[in-house]
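First to last, the sequence lines map onto chains A and B.
Positions 1 to 637 (my numbering) are the ones given, in order, by the first sequence.
Positions 1001 to 1637 (my numbering) are the ones given, in order, by the second sequence.
Check each hint, because a few of them may be wrong.
Stated by the list, open to error - Calculated lysine-lysine pairs in the BS3-like style (CA-CA distance at most 27 Å, straight line):
{"#": "1", "chain 1": "A", "residue 1": "Lys-552", "chain 2": "B", "residue 2": "Lys-1169"}
{"#": "2", "chain 1": "B", "residue 1": "Lys-1500", "chain 2": "A", "residue 2": "Lys-447"}
{"#": "3", "chain 1": "B", "residue 1": "Lys-1169", "chain 2": "A", "residue 2": "Lys-520"}
{"#": "4", "chain 1": "A", "residue 1": "Lys-447", "chain 2": "B", "residue 2": "Lys-1388"}
{"#": "5", "chain 1": "A", "residue 1": "Lys-499", "chain 2": "A", "residue 2": "Lys-552"}
{"#": "6", "chain 1": "B", "residue 1": "Lys-1433", "chain 2": "B", "residue 2": "Lys-1388"}
{"#": "7", "chain 1": "B", "residue 1": "Lys-1470", "chain 2": "B", "residue 2": "Lys-1388"}
For the record, the hints were derived by calculation from the structure and aren't laboratory data.
Remember, predicted model here, so these are calculated numbers, not experimental data.
2 protein chains.
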Amino acid sequence: MFTGCKQSSQTSNNSALSSDVASKVYVAPGEYDEFYAFVSGGFSGQLSVYGLPSGRLLKVIPVFSQDAEKGYGYNEETIPMLNTSFGFIPWDDAHHPELSQTDGETDGRWVFINGNNTPRIARIDLSTFETAEIIEIPNSGGNHSSPFTTENTEYVVAGTRFAVPYPQKDMSIKEYKGNFKGALTFIDVEKESGHMEVAFQVLMPGFNYDLAHSGKGKSHGWTFFTTYNTEESNTLLEVGASQNDKDYIAAINWKKAEEYIAEGKFKTIPANYAHNIYDEKTHVATSEMKKEVRVLDPAECPGLVYFLPTPKSPHGVDVDPTGEYIVGNGKLSADLTVHSFTKVLQAIENKSFDGEAYGIPILKMDEIVAGIVEQPGLGPLHTEFDGKGNAYTTFFISSEVVKWKVGTWEVIDRIPSYYSVGHLMIPGGDSKKPEGKYLVALNKITKDRYLPTGPELNHSAQLYDISGDKMELLLDFPTIGEPHYAQGISAGKVMSKSKKFYPIDENEHPHATKSESDVKVVREGNIVRIYMTAIRSHLNPDNIEGVKVGDKVYFHLTNLEQDWDVPHGFSVMGAQNAELLVMPGQTETLYWEPKQEGVYPFYCTDFCSALHQEMQGYVRVSPANSDVPVKWAMGDD
Amino acid sequence: MFTGCKQSSQTSNNSALSSDVASKVYVAPGEYDEFYAFVSGGFSGQLSVYGLPSGRLLKVIPVFSQDAEKGYGYNEETIPMLNTSFGFIPWDDAHHPELSQTDGETDGRWVFINGNNTPRIARIDLSTFETAEIIEIPNSGGNHSSPFTTENTEYVVAGTRFAVPYPQKDMSIKEYKGNFKGALTFIDVEKESGHMEVAFQVLMPGFNYDLAHSGKGKSHGWTFFTTYNTEESNTLLEVGASQNDKDYIAAINWKKAEEYIAEGKFKTIPANYAHNIYDEKTHVATSEMKKEVRVLDPAECPGLVYFLPTPKSPHGVDVDPTGEYIVGNGKLSADLTVHSFTKVLQAIENKSFDGEAYGIPILKMDEIVAGIVEQPGLGPLHTEFDGKGNAYTTFFISSEVVKWKVGTWEVIDRIPSYYSVGHLMIPGGDSKKPEGKYLVALNKITKDRYLPTGPELNHSAQLYDISGDKMELLLDFPTIGEPHYAQGISAGKVMSKSKKFYPIDENEHPHATKSESDVKVVREGNIVRIYMTAIRSHLNPDNIEGVKVGDKVYFHLTNLEQDWDVPHGFSVMGAQNAELLVMPGQTETLYWEPKQEGVYPFYCTDFCSALHQEMQGYVRVSPANSDVPVKWAMGDD
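Chain A on its own, in the form it takes in the complex:
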């Protein structure tokens, strides 16, 4: 607790030990971090990029929420990225970043991340660190068990957390049991471009689907989803969904699904979902509404789905690097149950079932368990791996990370987390090739870990060194939003691909101005388009007249710079939309409806040069009935 007696770190009093730890996380000025960490923002809806081991925040990538820092979701080019079947949604709750993989190894091409509230998956391009694509998930509610890629990024997945009427319709909530359904959606990822399409949905009982992981190696071709609320309660779930001793891990054979799809054994049902793509050449996002989806019903598709009974309200499901072991983190269980994929296949072959649920065979738990990690802690949530035969599981209630041996199931180390750890992240820790040097605990409660900042505190992450036998706590670092989950990757796998600017001669924006000689102001009816350029240290034109109250004005600003890290910003006094922040070679558009006559300044908002303060201009707004002609100038005083 916050006692007020803590003192700030005093250099002179640091022990040699502390100094040694300090050196482990210190990245000297001008030096680079060893790993990129991609940390979701939870309720912020964004994805943050940190360097490890320093814990420094390198960038917040706007994904599912408007971002005034970058103009995302405000400028005309990116507004379509936030379109959904419900219209424009300025916010979502982003949970699980997942790096693309090739042969089960992180390849540094893309990060996928799920939107939880209004179900969506986004793809972030790691050559630009920008959101390239967002696809909505139809007929779902709360896309939590997502995106969790397959080992060659064949698919990312999306499992409904909340069962809903399928398809959506008006019905009494009391009719929940048996009538509400859960859709598990497989999104195809095009190999070269990363382009996403909904491949198919698997229609499941009205349980809650919590988390997922795809198989790898021997279990490649399967994806595993945890369930809770197999009781199908629709109220006070803290009681109602905690009755059953066991819930299920749903094992989906997606290679079998592909066969059924190929055989035409699907139904096509109406659906309404948005698919939004940002085109890096035009610098413009477009949004398309899709109208149907293919659905497989497990009761009609034998071999497609099996239930693996797992104690108790399993939260995370994690597959070890070999693909043999499937860890069910039963959050209300005292033990940790690990299933054997080999045994699962054997039980299926033997048709050794313990009945079925809604037509889906239930395997016998004692026939598929590989081992049990006994009483390792309270409230197990998630497990990752170090590639050296060890697993690391977080315990929310006992607030610790426990290291155990895969195969012998013995606990070999434990260390506290501050406080209430949820997910954990080891770079590559859910892939076939973990880079097991560091572990990051993603904590839910902060309280007294940092200087207080009133009732609202940043969430917190903790960095541990796991290179030795014993875990060692190195660093606390606060995060933007809730650090819900994260992925990490060696810097070298990403940095060489990172673009520095957009070539101006490749700019295909429909309203680009590629040379100062082409600047102009064009009126068509009450639409005024201002084709403007920015280059150190002027905006051209910088004197604009002939705009009238009631006009619809578009400032199309092209940044003519062709050097790294010379963005220009743009704002107009009183403009209802946020500013622009335009990268070199890019064009962005600020939409403005002037409401009052007057002469309004505009200026560059990103300090760009010694004469940045001089990078300004004026736009004159005349009354609606004025006959002031459209006119523009720069340097013509």
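Here the structure of chain A is known, so what remains is to put chain B in place on it, guided by the hints.
Leaving out everything else, chain B in the frame of chain A:
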């Protein structure tokens, strides 16, 4: 430049020196930083709170921009905070945080910060770290020379950066010279509450007003504003505003202004500006429109304003801790000119003027100069002080910080910055009592300082140890937005005041629900108000029926927790507004217009307990013509 040959910091290779530096910035897990740093976000419109020396981001305080992470500017309670005379503006450009002062010393009560684009000043309360008040600045354009408090926080100031028609009207931009004006606004700050009111404006010539600082000690009662573009150019200012060898520092005698106001020697002119206040008891912001402002004309108020000629396009104006020395940082000058306040008073007494400009006497530069720091670097921008007789000036073009001796004007140390430093910050460095242990350089260009993140890079700050004779670079840390300016303060001056939650029995929100027994759903016409509570681990009610397409639905959520750091979040699938994030004891409102029939889940978005995933519910949306009655339940399965 980015060469690709840099390697991440390797612990084993760190020299003893590096290890020593590491220890100086390392704040071990559970330990506290020594200083709070309040760093503006520039184009992000927000204020970030960092710990020093760690450089850790403790919180982003939303001020002038919507923030999806916190629901600020989206929930009904905070939307009025972003109201202006132009309507709701979701964004601004926040430049200069300024701590409140008592007797010239930072007192840890409030931070003020200016909105640059749509001119405003905000006050942040440091007991809650929330924006408490925003006041718009009438008849101004680009509120850059702001807020820069007086020594007992009698006033914060707001100087127009861009001259505009005064008051605003439709006129040709070519009529700029002599017709556009600059207003310097003094905002009264109520001593106990911090409540702001526009006291008066001083009507100035149509120059650009760049920065300001108020006097202290012997110069208390005066405020100094830099000018550029005394040429009164209205186009291509990078050339047009760089012609004159000298521009002016405008010295305003605000005690004299108070006399003129008391004597009634002001004009009252029409004005239209918003004043927005967030009430901590009701948890609701209200916005009021003000209609007039009092104006003083220097030509009619002798002794109110003097011009101090200063080479060349002076950017920052900084007053030393004694109040005697006024540093003009002429950004296009080779030297740094320091004026003597004593000599200024003497020259005024002697009426030793070099003519006048628009009725304002111009002092003779050679009579007021205390000293010149000769050729210290290229592009001086800002100066702060360490309280030990030293000054530190940033040089944008030569990208360095130069330390010089106040009084002897000799350069005694210099150190590079990476890259292109703008402002600098020493905690208390613009007050009478600097805490001169650290210096933070606030840099404009990042390029290769961190792992690359595509064309867009975070800006960067650098921390220097200035406790010894020689400055020592300790740390690079990236920032949110542009770290335009910052203020720092010893943690002890703030942390003891920091609130941990809001007492539920003091909650005066008009739609608060203070007990679970009071939850309800009320329909009045097509307005549906849902009075809901959150406490671990349920939302009450969690089954809601009787909502129809076309309704206007208000979810009034009260967080019943009374413990530190137990916020609850709230979201509804498909809701057009962002989520809520409700602190313990607080009530917030999400507005929703359901467009489609169906049954939509809602849930807690801030992981709060082991059964957080169970903290969910459903709202049924029936067709507009449905007769499903309003109904709510929890636990009534």
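Earlier hints that do not hold, by number: The structure conflicts with hints 4 and 5, although it agrees with all the remaining ones.
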